[in-house]
Amino acid sequence: MSGYCPTAEFLRCIPKTDLHVHLDGSLRLPTLIELARTHGVTMPSHTEAGLRELVFKDRYANLQEYLTGFAYTCAVLRDAESLERVAFELAEDNIAEGVRYIEVRFAPQLLVHEGLSMEDALAAVARGIERAKRAHNATAAVAGREDVPFEFGIIACAMRRFSREMGTHYRDLLSVLSRAPRREVYALASLEMARTAVAVRDHDGLPIVGFDLAGEEAGYPAAYHTAAFQFAHSHFLKKTVHAGEAYGPESIFQAITECHANRIGHGTFLFASDMVRDKTVVSPTVYTERLAEYVASQRITIEVCPTSNLQTIPSIRTVGQHSLQRMIDYNLSVSICTDNRLVSSTTVSRELGLVASELTLTRRQFRNLVIAGFKGSFFPGSYNSKREYVRRVIDRYERLDADLLAGQRLAEGCG
Numbered sequence: 001m002s003g004y005c006p007t008a009e010f011l012r013c014i015p016k017t018d019l020h021v022h023l024d025g026s027l028r029l030p031t032l033i034e035l036a037r038t039h040g041v042t043m044p045s046h047t048e049a050g051l052r053e054l055v056f057k058d059r060y061a062n063l064q065e066y067l068t069g070f071a072y073t074c075a076v077l078r079d080a081e082s083l084e085r086v087a088f089e090l091a092e093d094n095i096a097e098g099v100r101y102i103e104v105r106f107a108p109q110l111l112v113h114e115g116l117s118m119e120d121a122l123a124a125v126a127r128g129i130e131r132a133k134r135a136h137n138a139t140a141a142v143a144g145r146e147d148v149p150f151e152f153g154i155i156a157c158a159m160r161r162f163s164r165e166m167g168t169h170y171r172d173l174l175s176v177l178s179r180a181p182r183r184e185v186y187a188l189a190s191l192e193m194a195r196t197a198v199a200v201r202d203h204d205g206l207p208i209v210g211f212d213l214a215g216e217e218a219g220y221p222a223a224y225h226t227a228a229f230q231f232a233h234s235h236f237l238k239k240t241v242h243a244g245e246a247y248g249p250e251s252i253f254q255a256i257t258e259c260h261a262n263r264i265g266h267g268t269f270l271f272a273s274d275m276v277r278d279k280t281v282v283s284p285t286v287y288t289e290r291l292a293e294y295v296a297s298q299r300i301t302i303e304v305c306p307t308s309n310l311q312t313i314p315s316i317r318t319v320g321q322h323s324l325q326r327m328i329d330y331n332l333s334v335s336i337c338t339d340n341r342l343v344s345s346t347t348v349s350r351e352l353g354l355v356a357s358e359l360t361l362t363r364r365q366f367r368n369l370v371i372a373g374f375k376g377s378f379f380p381g382s383y384n385s386k387r388e389y390v391r392r393v394i395d396r397y398e399r400l401d402a403d404l405l406a407g408q409r410l411a412e413g414c415g
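Here the sequence shown is numbered in the working numbering, starting from 1 and rising by one per residue.
Quick caveat, the hints were computed from the structure, so don't treat them as lab data.
This structure is a prediction, so every number in the text was calculated from the model and none was measured.
Among the hints, a few may not be true.
Stated by the list, open to error - No farther apart than 30 Å at their CA atoms in a straight line, the calculated lysine-lysine pairs in the DSS-like style are these:
(1) Lys386 with Lys133
(2) Lys386 with Lys375
(3) Lys375 with Lys133
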């Protein structure tokens, strides 16, 4: 592929975002091993090489195999101290590679037990990231405006479905409501999560910036959770939904129309008209084209996670086969994300480098990919403060880009 090819140093230095990064999928591997020993969690291996071979692989058969590792990561995140540590390290790792804004998402209901409430879990994660933020923002480079301050938000996740094995909170809920239809139990759990997210934002001042729905799409439609999303919507909590990752365009349509989604997680099959199942749709091709146009015109940002998609969707073998190029050609608002830094063994810089090397992008298109993350963020401050922050990011990016261009011209002249 020919096109814009930024250097590794440029990718490292430019300010970046990660709008779609799961806390429980982004632990440092040595930390996971250490916490497993501390908490007495049985692991398939207690070495990094062993876990890379048995659990955290380069390629997975499907999304279900990809999610297997979360059983181990969630098992070690059972106290506030561990959550705070993992959140701090995640922020440190992002700061080290030039990421200046992250929205960390996780499902507190997966982690809670008698000694840890949802509120405790959210507060611990906020403390950990805030500690890393303070350290970076106190540096001379930030004070002298040579660098961009680090900012963050937290996204509370609900699950499309769950089982008794996924945590004590879910087990107890299923036991108490054993006679209720499962879809009603799932809906009640997500509504409880939305209410908790709004409460800790409003009463405790935590930077809870969004509400998400994760988990299996097929058979567990987002429409089951409309009450939770309506509650979030009514309380000015922004919404993102995992959609179009393992199901077709209808999942994205439902996220937007039923759940008021401001952003879409993955959106991989946005253009897959052959996956439309609704028999009342006269022309699936027209349906998907109109959906894409709506997403574009409303600036609904799509959180694309290239490596994760390559690992979990057998039909996509390369980034070139991904719908990302088509999204960019449609001028959609697209932000490149990691999904899970541990499970996918990746970083934001790696994802951007992969995209630049395998797609045909102009310098302007690449810039827009980077800036889209900041513009599409659920920034925790006021709209005016977000505008000021984004302006500072753009200024920093353009200075670095000008330096890169000057260096390339100099090299060409010398050649």
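Of the numbered hints stated earlier in the document, which are not met by this structure? none
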